[in-house]
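Chemist: Following the hints, position chain P against chain D.
Chain residues, written in single-letter form:
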Amino acid sequence: MLSIKNLHASVEEKNIIKGLNLEVKPGEVHAIMGPNGAGKSTLGYVLSGRDGYEVSEGEAMLNGKDLLELDVEERAREGLFLAFQYPVEIPGVSNMEFMKESVNAMREERGEEPLSAAEFLKKAKEACKQVQLPLDFLKRGVNEGFSGGEKKRNEIMQMILLEPKLCILDESDSGLDVDALQVVADGVNSQRDGERSFIVVTHYQRLLDYIKPDFVHILADGKIVKSGDASLALEVEKSGYAFLGKAYEEVEA
Amino acid sequence: MSQWLEQVIDSAQRDDYLSPVRQQALTQLKADGWPARRSESWRFTPLTPVEKREAKQAVQADSLPVPAIDNLNAIDLIFVDGVLVTQVNTLDVPAGMTITSLNTDDAATQQAISSVYGQVKPTRHMFGLVNDALCQHGIFINVEAGVKIDTPVRIVNMASQNVDAHTRVVVKVAEGASATVIEQGFGDTESLTTAFAEYDLADDAHLEHYRFAMFTDKAKQLGGSHFKLHNRTTLNSTMVGYGSELSRLDVDIHHAGEFADAKMNAIYLLAEGELFDLHSTIEHAMPNGTTEENARGIVGDKARAVFNGRIHIHRDAQKTLAELNNRNLLLSRRGVINTKPELEIYADDVKCAHGATVAEIEEEALYYMLTRGISRSKALVMLNFGFIQELINDVPSVAVREWIAPILSERFAQMEVK
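Protein chains in written order, with the numbering used here: chain D, 363 to 615; chain P, -9 to 408.
Just so you know, not all the hints are guaranteed correct.
Simulated restraints on C-beta separations [said to hold, decoys possible]:
hint : chain 1 : residue 1 : chain 2 : residue 2 : range
1    : D       : 475       : P       : 282       : 37 to 45 Å
2    : P       : 383       : D       : 492       : 32 to 40 Å
3    : D       : 428       : P       : 392       : 37 to 45 Å
Calculated from the structure, these hints are not laboratory results. Ideal Cβ placement from N, Cα and C applies to all residues, glycine included.
Excised from the complex, chain D in its bound form:
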């Protein structure tokens, strides 16, 4: 599914990702944990192709395609989905119009006919109910005036509608109470079908009680410094990142 080899990336000439390797196979859930500033969010931005994130070395392949050669929208159409830590508010563009346009862009990529307004509305209503957002959120401007939790749920709603191959969830748990966390996790779990893969970026082990990872990786100073199974997350929860030693101290400094 996703193969990252020796990835180096910088933002404003500051090296953030420094030789990252990661293999994600179909159906797998990988959690990436790590201290602040380790490059967790940067990884999502680099893979999605955000402007200003320069890759100087290495490769990232999605199902055999060189992601780094593609434009942002092409990566999305190849099945890459990034759930934002801070979803963007777009007043003036309705959530409905926004999602219909993106769903139809995906359909076009797959050679399918665009959905009619009525067909899309039906799907959107189902997804909206699934993440427990009131239906009038479909009519509102994209994320406009949504609370933090509502924005996160809106991201999951988009994920459900877009049916991506690989989902990167960037701190989708941050700022959520237990109920909202459950909704987000249920949304994600409903999309686990043995084929779709997930990279769950999080600070806290808590989310991983709800979304069971196959692998847990610790990202520090732009590299994966430790990998293990779900028990690694519990270890981090218990004793923090102290085991990272010097690398961690540098990051914090």
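Modeler: Same frame as chain D, but now just chain P:
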């Protein structure tokens, strides 16, 4: 003095019933001379593309096919390179409306034309004076009192050669009558077009007006639409401007009666390197009038938009309601917008507002949309076309709206963000 203006003055020898106006215009042109660089009226719009031009008018022109506006069912009047190529006397015109050439021998018609020609358009517009003096072909549209004309009249100005084209439209809508007039101009050759229109709208008259100033590339367009409103006149005007090497539109709306309502929406979309200049002046000379003016534009790389919107509320114009708003979007740091809304108020009991904004592309929102697979051009349209779309949605004629909406969104989609 510019070479072009000298030639204009020398060539303006014509003896007809409009000679007094032509003579007056010439006298003023001679006295005023060529505008100094940075003169207030042309401060941001250099006239260099005209200054050393060869002044030459076409004597005749061939009829050219004009793209139709679907479902509009308009009466079309076509000028090609300044020459009226439509046989006006063979047109099927609804009862209560007459359409005649300005070159008429009928004394009563001449008198009606003279009551408007050069009377509505202020004399401060230099190219308006040139048009006064040099216009060979023009149209007079007259709507009789109380007659509601549903059929729109479309006046098309096409520029195809490297000549100067001076065309004139004179419209009289009598008491309680209503009409729809569309002025449409286009061309991308080395042409110069001055197209001026004067509208005298009587008490209780209604005019639905459009001006599509869509000249591009090397074309130079210098035109104006000028309106005189009387008691309870209503005007609903929509303008669309493209830019070219030199493109300037002057609009004057004169509230000469009470309780008149003027609404004006203007849209400009300027592609790379284009220039478009819209000057509007609203004169509230009488009480209880309203004006609502919205000018909105998108300016591409190395393009320049000039907007000067003046509302002048005279001392007697109490209870005036006037709003003027100009919104712009810059697609590039190398695009330029010079906007100047001006309110000049001498009455003490009025409600007026004005504002101007310039925005840039929101990169974060654009990125967010791209990560959802939406194409860049589509995302830009969704993000940035909304404020233009609002004015498109406001176009009163369904046929016009359906015609112009895809043209404008397509033009925008092709504009590059740099």
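Chemist: Each hint: holds or not?
Modeler: We went through each hint and held it up to the structure:
no. : hint                       : verdict
1   : 475/D to 282/P: 37 to 45 Å : 43 Å, holds
2   : 383/P to 492/D: 32 to 40 Å : 33 Å, holds
3   : 428/D to 392/P: 37 to 45 Å : 43 Å, holds
The structure fails none of the hints (numbered hints given earlier).
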